[in-house]
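Engineer: As given, the protein sequences belong to chains D and G, one line each in that order.
Note that the first sequence covers residues 36 to 405 in my numbering.
Note that the second sequence covers residues 36 to 405 in my numbering.
Any given hint could be a false lead.
Note: identical chains are not told apart, hence a pair may lie in one copy or across any two.
[As the list claims (entries may be wrong)] Below, a list of computed lysine to aspartate or glutamate pairs in the DMTMM-like style, where the Cα atoms sit at most 25 angstroms apart:
(1) Lys-365 <-> Asp-68
(2) Lys-365 <-> Glu-377
(3) Lys-138 <-> Asp-275
(4) Lys-97 <-> Glu-303
(5) Lys-75 <-> Asp-270
(6) Lys-365 <-> Asp-128
(7) Lys-97 <-> Asp-275
(8) Lys-365 <-> Asp-119
(9) Lys-75 <-> Asp-93
(10) Lys-75 <-> Asp-56
(11) Lys-97 <-> Glu-44
(12) Lys-365 <-> Glu-303
(13) Lys-365 <-> Glu-243
(14) Lys-138 <-> Glu-358
(15) Lys-75 <-> Glu-217
(16) Lys-97 <-> Asp-49
(17) Lys-365 <-> Asp-113
Quick caveat, the hints were computed from the structure, so don't treat them as lab data.
Note that the structure is predicted; figures quoted are calculated from it, not measured.
There are 2 protein chains.
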Amino acid sequence: MSADSSPIERVVVDTGADRYDILIGRGLLGRADIWAGLPKARQAVIVTNSTIGPLWTDALCKALAPHYAQLSTVELPDGEAHKDWSSMNRIFDHLLASTCDRKTVLFALGGGVVGDMTGFAAGCYMRGVPFVQVPTTLLAQVDSSVGGKTAINHPLGKNMIGLFYQPRRVICDLDTLATLPEREYLSGLAEVVKYGPIADAAFFDWLEAQLPALRAREPLALAHAIRRSCEIKADVVGQDEREAGLRAILNFGHTFGHAIETGLGYGEWLHGEAVGCGMLMAADLSVALGLLDPGSAQRLEALVTAAGLPTRAPDLGLSRYLELMGHDKKAEGGHIRYVLLERLGQARVTEADPRIVEQIITRRVELRAS
Amino acid sequence: MSADSSPIERVVVDTGADRYDILIGRGLLGRADIWAGLPKARQAVIVTNSTIGPLWTDALCKALAPHYAQLSTVELPDGEAHKDWSSMNRIFDHLLASTCDRKTVLFALGGGVVGDMTGFAAGCYMRGVPFVQVPTTLLAQVDSSVGGKTAINHPLGKNMIGLFYQPRRVICDLDTLATLPEREYLSGLAEVVKYGPIADAAFFDWLEAQLPALRAREPLALAHAIRRSCEIKADVVGQDEREAGLRAILNFGHTFGHAIETGLGYGEWLHGEAVGCGMLMAADLSVALGLLDPGSAQRLEALVTAAGLPTRAPDLGLSRYLELMGHDKKAEGGHIRYVLLERLGQARVTEADPRIVEQIITRRVELRAS
Numbered sequence: 036m037s038a039d040s041s042p043i044e045r046v047v048v049d050t051g052a053d054r055y056d057i058l059i060g061r062g063l064l065g066r067a068d069i070w071a072g073l074p075k076a077r078q079a080v081i082v083t084n085s086t087i088g089p090l091w092t093d094a095l096c097k098a099l100a101p102h103y104a105q106l107s108t109v110e111l112p113d114g115e116a117h118k119d120w121s122s123m124n125r126i127f128d129h130l131l132a133s134t135c136d137r138k139t140v141l142f143a144l145g146g147g148v149v150g151d152m153t154g155f156a157a158g159c160y161m162r163g164v165p166f167v168q169v170p171t172t173l174l175a176q177v178d179s180s181v182g183g184k185t186a187i188n189h190p191l192g193k194n195m196i197g198l199f200y201q202p203r204r205v206i207c208d209l210d211t212l213a214t215l216p217e218r219e220y221l222s223g224l225a226e227v228v229k230y231g232p233i234a235d236a237a238f239f240d241w242l243e244a245q246l247p248a249l250r251a252r253e254p255l256a257l258a259h260a261i262r263r264s265c266e267i268k269a270d271v272v273g274q275d276e277r278e279a280g281l282r283a284i285l286n287f288g289h290t291f292g293h294a295i296e297t298g299l300g301y302g303e304w305l306h307g308e309a310v311g312c313g314m315l316m317a318a319d320l321s322v323a324l325g326l327l328d329p330g331s332a333q334r335l336e337a338l339v340t341a342a343g344l345p346t347r348a349p350d351l352g353l354s355r356y357l358e359l360m361g362h363d364k365k366a367e368g369g370h371i372r373y374v375l376l377e378r379l380g381q382a383r384v385t386e387a388d389p390r391i392v393e394q395i396i397t398r399r400v401e402l403r404a405s
Numbered sequence: 036m037s038a039d040s041s042p043i044e045r046v047v048v049d050t051g052a053d054r055y056d057i058l059i060g061r062g063l064l065g066r067a068d069i070w071a072g073l074p075k076a077r078q079a080v081i082v083t084n085s086t087i088g089p090l091w092t093d094a095l096c097k098a099l100a101p102h103y104a105q106l107s108t109v110e111l112p113d114g115e116a117h118k119d120w121s122s123m124n125r126i127f128d129h130l131l132a133s134t135c136d137r138k139t140v141l142f143a144l145g146g147g148v149v150g151d152m153t154g155f156a157a158g159c160y161m162r163g164v165p166f167v168q169v170p171t172t173l174l175a176q177v178d179s180s181v182g183g184k185t186a187i188n189h190p191l192g193k194n195m196i197g198l199f200y201q202p203r204r205v206i207c208d209l210d211t212l213a214t215l216p217e218r219e220y221l222s223g224l225a226e227v228v229k230y231g232p233i234a235d236a237a238f239f240d241w242l243e244a245q246l247p248a249l250r251a252r253e254p255l256a257l258a259h260a261i262r263r264s265c266e267i268k269a270d271v272v273g274q275d276e277r278e279a280g281l282r283a284i285l286n287f288g289h290t291f292g293h294a295i296e297t298g299l300g301y302g303e304w305l306h307g308e309a310v311g312c313g314m315l316m317a318a319d320l321s322v323a324l325g326l327l328d329p330g331s332a333q334r335l336e337a338l339v340t341a342a343g344l345p346t347r348a349p350d351l352g353l354s355r356y357l358e359l360m361g362h363d364k365k366a367e368g369g370h371i372r373y374v375l376l377e378r379l380g381q382a383r384v385t386e387a388d389p390r391i392v393e394q395i396i397t398r399r400v401e402l403r404a405s
């Protein structure tokens with residue numbers, strides 16, 4: 036099957052105020068029809084990083100050249116450690132030095148870090164210019180590029196400063212995943228796995244069956260996994276863009292996961308690795324509170340294991356775990372709110388007895404030591 | 036007339052997505068009813084500056100204490116030079132160190148700089164928390180606190196990084212104007228004067244008649260001037276929150292004015308002083324293009340003169356003027372767009388022949404030399 040004739044999957048995100056397409060397929064960077072109909076402007080600016088930029092910027096420039104008279108690129112340093120104001124300012128410096136106006140369209144070419152920062156910069160530059168997500172990692176294609184969450188990190192917490200700001204289109208070219216390092220790919224798989232337990236038992240079954248194909252990056256399996264992930268996310272975001280309630284279920288595994296990421300220092304564990312382990316801790320807690328049957332938790336653990344993700348928690352110390360979880364954005368009035376499972380396919384957000392939480396953390400940390 | 040029994044003026048801002056009150060009157064910081072019905076939260080944080088903080092923070096704390104269990108204050112350095120990311124970060128550091136959650140309400144107590152930064156911080160903290168404007172300068176009461184424009188400056192331009200983010204209420208206590216230095220007060224008067232030419236000929240007439248009372252800060256004249264200014268601004272913002280068209284007329288005098296402010300360095304001329312002179316340059320340009328009769332331009336110049344504002348432009352050099360105006364957010368594709376007058380009470384946005392603009396600038400600069 037050649038890339039040009041391969042099918043394109045389309046998922047619509049509709050928040051009420053904004054409506055846009057997620058397009059998924061092979062060879063999209065080289066297909067002219069994919070890039071038509073975006074906001075018109077004199078200038079477009081590609082924001083990318085030092086890893087992805089050399090691989091894909093030329094192809095994106097070629098795709099955009101018919102639509103924008105002036106094209107330029109900002110290349111940011113790669114990595115979560117650079118998801119900060121200093122990188123944002125590099126974008127702003129470039130936009131202003133190039134006299135970019137209010138109609139300038141930004142294109143985020145890269146993973147979640149590039150997407151989050153480009154979206155935040157687009158939301159703030161002259162109080163808002165349009166932007167397009169071109170995610171090049173599995174994690175970004177199934178999660179961070181969809182739904183309009185943008186942010187930078189603060190020393191006291193991840194993604195603490197940001198906006199809800201929706202892109203005009205999300206373009207997921209499966210070909211860009213081919214060069215993704217294995218560890219990053221598996222980290223993305225953690226977010227795919229997440230959509231089963233929180234929203235779709237049948238997708239969970241499918242994932243159990245198709246995990247070998249997904250680990251082999253087979254295009255048809257990958258296209259289905261990305262489409263179904265985006266559909267579930269689009270459905271949730273369409274009902275609750277600003278995380279007043281339902282949207283919080285997308286953070287399944289993230290309360291524990293963020294504590295692991297921040298506690299170890301960004302980059303020690305990848306986001307999806309922390310979320311993979313965090314999902315198991317959330318499932319443990321669900322079982323301990325009598326919400327979830329132990330068999331379902333075991334199935335989830337088997338799937339996370341099969342996805343090559345860590346299942347043992349790092350030893351940050353109990354008080355550090357609790358402190359870091361208290362900084363979670365879902366926390367309210369100092370009370371930590373957990374996304375827990377009632378069954379595979381059904382999540383809910385609730386508080387939990389801190390003593391039980393402590394037991395759960397201790398057990399996952401001890402498992403590591405054993 | 037005691038403050039407690041004095042009338043309260045109320046103006047409603049309705050952008051479609053958001054609706055809130057502007058309350059105007061004497062002694063509002065001390066009146067319990069004014070502070071009821073705001074968003075509930077465990078914590079509220081007052082953001083102020085080193086000049087206003089010592090004067091009014093205690094009164095505001097007293098007003099808020101019945102509604103919020105935890106109250107704290109962030110005091111920023113005073114002045115436009117500090118309207119930057121470093122000051123924003125002081126707010127974020129405080130919010131995170133105090134484990135403020137997503138419901139925390141921010142109160143901006145101060146002038147336009149405090150209001151713009153507090154609004155921007157509220158819009159970004161955990162992707163958005165509610166905030167309330169408590170403007171303590173005339174400029175902020177009639178202009179910057181109303182309408183949801185928030186921003187910080189960038190070395191290459193004023194207010195380049197920011198958001199449209201509406202407050203939950205605007206509370207204008209006339210008593211806070213009593214301590215305002217004369218030069219700042221007159222700078223605020225420039226924005227009051229602005230509303231006549233762009234939208235309301237009758238208000239222009241009233242201003243001509245009442246200027247001595249306004250310069251004497253007579254409360255009844257002041258209350259009317261602030262209410263009418265806020266009404267006009269609320270009406271424009273309600274029709275065009277995001278400056279797709281109409282809202283640009285509120286920038287009458289600002290294209291030239293921003294060039295003066297930035298060209299001299301922030302703080303050399305106050306914002307309203309630059310706008311006062313900028314309005315005359317825009318009126319000159321309107322006359323030169325045959326849009327406005329010279330008699331109306333003369334009336335405007337007489338009013339700006341009577342308001343004690345500068346009418347002669349500083350000599351930045353012609354090319355510097357044009358360069359700085361090209362950085363204006365209204366510029367599109369490198370073309371500068373001017374807010375011009377068709378008559379007193381009617382503005383429109385248009386481009387202009389650069390050679391005529393050069394003549395206008397040269398004339399206002401030479402007038403200064405003569």
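Engineer: A separate judgement is required for each hint: does it hold in the structure or not?
Structural biologist: Here is what the structure says about each hint:
| no. | hint | in the structure |
| --- | --- | --- |
| 1 | Lys-365 <-> Asp-68 | neither (40 angstroms within a copy, 32 angstroms between copies) |
| 2 | Lys-365 <-> Glu-377 | within (19 angstroms within a copy, 53 angstroms between copies) |
| 3 | Lys-138 <-> Asp-275 | between (28 angstroms within a copy, 17 angstroms between copies) |
| 4 | Lys-97 <-> Glu-303 | neither (36 angstroms within a copy, 47 angstroms between copies) |
| 5 | Lys-75 <-> Asp-270 | neither (28 angstroms within a copy, 30 angstroms between copies) |
| 6 | Lys-365 <-> Asp-128 | between (33 angstroms within a copy, 18 angstroms between copies) |
| 7 | Lys-97 <-> Asp-275 | neither (36 angstroms within a copy, 36 angstroms between copies) |
| 8 | Lys-365 <-> Asp-119 | within (21 angstroms within a copy, 28 angstroms between copies) |
| 9 | Lys-75 <-> Asp-93 | within (21 angstroms within a copy, 51 angstroms between copies) |
| 10 | Lys-75 <-> Asp-56 | within (17 angstroms within a copy, 37 angstroms between copies) |
| 11 | Lys-97 <-> Glu-44 | within (23 angstroms within a copy, 58 angstroms between copies) |
| 12 | Lys-365 <-> Glu-303 | within (24 angstroms within a copy, 45 angstroms between copies) |
| 13 | Lys-365 <-> Glu-243 | neither (30 angstroms within a copy, 55 angstroms between copies) |
| 14 | Lys-138 <-> Glu-358 | between (43 angstroms within a copy, 19 angstroms between copies) |
| 15 | Lys-75 <-> Glu-217 | neither (38 angstroms within a copy, 47 angstroms between copies) |
| 16 | Lys-97 <-> Asp-49 | neither (29 angstroms within a copy, 44 angstroms between copies) |
| 17 | Lys-365 <-> Asp-113 | neither (28 angstroms within a copy, 34 angstroms between copies) |
In terms of the numbered hints stated before, the structure departs from hints 1, 4, 5, 7, 13, 15, 16 and 17, listed from lowest to highest.
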